[in-house]
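With the hints as your guide, set chain B onto chain A.
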Amino acid sequence: MKGSITKGLSPRRRAYDITMRTLLYAAAALICALLVFLIGYILYRGIPHLSWQFLTSEESVIKDIEGILPAILNTVYVIIATLIFILPLGVGSAIYLTEYASNKRVVAAIEFATETLSGMPSIIFALVGVIVFCEFCGLGQSLIAGAFSLVMMTLPTVIRTTQESLKTVPLSYREGSLALGSGKWHMIRTVVLPSSVDGIVTGCILAVGRIVGESAVLMFTAGMGMRLAKYGDSVGEFFRNLFDSSGATLTVALYHYAKERADFDSAFAVAVVLLVIAFGINLAAKFAGRKLKKR
Amino acid sequence: MSGNTIIEAKGLELWYGDNHALKGVSLEIPENRITALIGPSGCGKSTFLKTLNRMNDLVPGVRIEGQLLYNGEDIYGPDVDVTRLRKQIGMVFQKANPFPMSIYDNIAYGPRTHGVRSRAKLDDIVERSLRDAAIWDEVKDRLNKSALGLSGGQQQRLCIARALAVEPDVLLMDESTSALDPISTGKIEELALELKNRYTVVMVTHNMQQAVRVSDMTAFFLLGELVEFGDTERLFSHPRDKRTEDYITGRFG
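These protein sequence lines are chains A and B, in that order. Each position in the first sequence, counted from 1, maps to that position plus 436 in our numbering. Each position in the second sequence, counted from 1, maps to that position plus 1032 in our numbering.
Looking at chain A on its own, in the form it has when it is part of the complex (with noise of 0.2 Å):
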């Protein structure tokens, strides 16, 4: 009897057993269900009311027509924008806390700061937004105050995720650097960061996430405008143009097409492309992550 191997689990251990791995498995059942339902939904109502037409024009009553051609290119030009600001700001701030700062209590405190920002709901980073960009700097309702806006939002996320990615730099490769005779910046130029680019990209790819999912901060700082930026005489032109007016963003003009025209049609269909874009983000996030690691 001392030591059987072949008893087995006792009828109570055993129904136990059962019982848990039930629930879990109804558990992920579950949530793998609700995913389907929802992609499905999206896509079945989504895409009958996606055309060629609808992806890449501009709306006009005259004519009749549905576009979201402004909503795109305003998302990528918000994106482009807050990256421009973002990547120095952000990796450099990192940078200045993991490498430079000496104060330990100091950098904990702002740490945590950034940690607890992160988190923070995203309209008042809108109401923010508006008072110090939209009104205190006079730029008002434009596409240009809602990237500074993101910006704002945004720096936390890439500080955290370029600071845990710096961290993760051996101190022997910084101790090697300047063992040879290499100033404390070039040694983080040449085996700090491109040690810890790929968290960067992650980092950064991260917040694209969340300038595409956001929606508060752009309505307030942004604007709704639908329409096309003129593109005047000359490239300075354009970009005065571009970045004075205010734009909707996608997730800004689904809001739009549900809530003030409570045209779901086209709601659903901004949604299917809302939703190829996160899928892309998430992908490229993964390929890059991988691709960067191997080197």
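Just so you know, these hints were derived from the structure itself, not from any lab. This one's a predicted model, so the numbers in the text were calculated from it and none came from an experiment. Here a beta-carbon is modelled for each residue, glycine too, at the ideal position from N, C-alpha and C. Treat the hints with care, since some could be wrong.
Derived CB-CB ranges, DEER-like [stated by the list, open to error]: (1) Ser1058(B) x Val633(A): 44 to 50 Å; (2) Gly619(A) x Glu1060(B): 29 to 35 Å; (3) Leu1180(B) x Leu711(A): 23 to 29 Å; (4) Val1112(B) x Leu607(A): 19 to 25 Å.
Per the computed footprint, the stretches of chain A lying under chain B, defined by three or more beta-carbons under 8 Å from a beta-carbon of chain B, are [said to hold, decoys possible]: (5) 603-616; (6) 642-651.
Leaving out everything else, chain B in the frame of chain A:
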């Protein structure tokens, strides 16, 4: 048998916060010789080694008093350029730390840092350094492969080659063989003997046989004090201090 003094410590004191890690260390390290620093863990030998190229500067709360001269110039003097100092006094660490780059780029890293741009010149430096570190034949066909694919012993010799590539005067080795198998250790010891013709080598070692095998001079540290410093043969055969005798005969440590 000592030649010219290249590094001279005069009453060197060092504190890590409240921890008095070096207590009045004075010694003269001769040029083109191998000087071994021995002693039990925590005795200050690694700390002393790291004061020579100021790697201790990276430790927060470190404080240094006394004098440390390199060719007569104060290493901790106010207008010392630490990057110049570290170019002159290279270092090989306990654990091999090749950068996650190709073998070629690892060796070229130091020269590039100090402004060498010409490809032909870099090619020369890379080959010469790898030859000097006795690893050329093993890696010459895979210079563009990642250095992380090398074995531990090869990685450590690569790190030596990397340190040699900036043409230092002095090479510091911080227990550079302690993580290696006996064959790799033997290769690096041979290499050190080879290198002393052109460089001054200062090595920290836990292995007393190693100190006897390769070093000309030995310094014995205990609790932050330099207990005895002298000719390796003399120190191991006729230690003058009781504590040295106890340590080398294995009575503690």
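Taking the hints in turn, this is what the structure says about them:
no.: 1; hint: Ser1058(B) x Val633(A): 44 to 50 Å; result: holds, 47 Å
no.: 2; hint: Gly619(A) x Glu1060(B): 29 to 35 Å; result: holds, 31 Å
no.: 3; hint: Leu1180(B) x Leu711(A): 23 to 29 Å; result: violated, 40 Å
no.: 4; hint: Val1112(B) x Leu607(A): 19 to 25 Å; result: holds, 24 Å
no.: 5; hint: 603-616; result: holds (count 9)
no.: 6; hint: 642-651; result: violated (count 0)
Consistency note: the structure conflicts with the earlier hints numbered 3 and 6.
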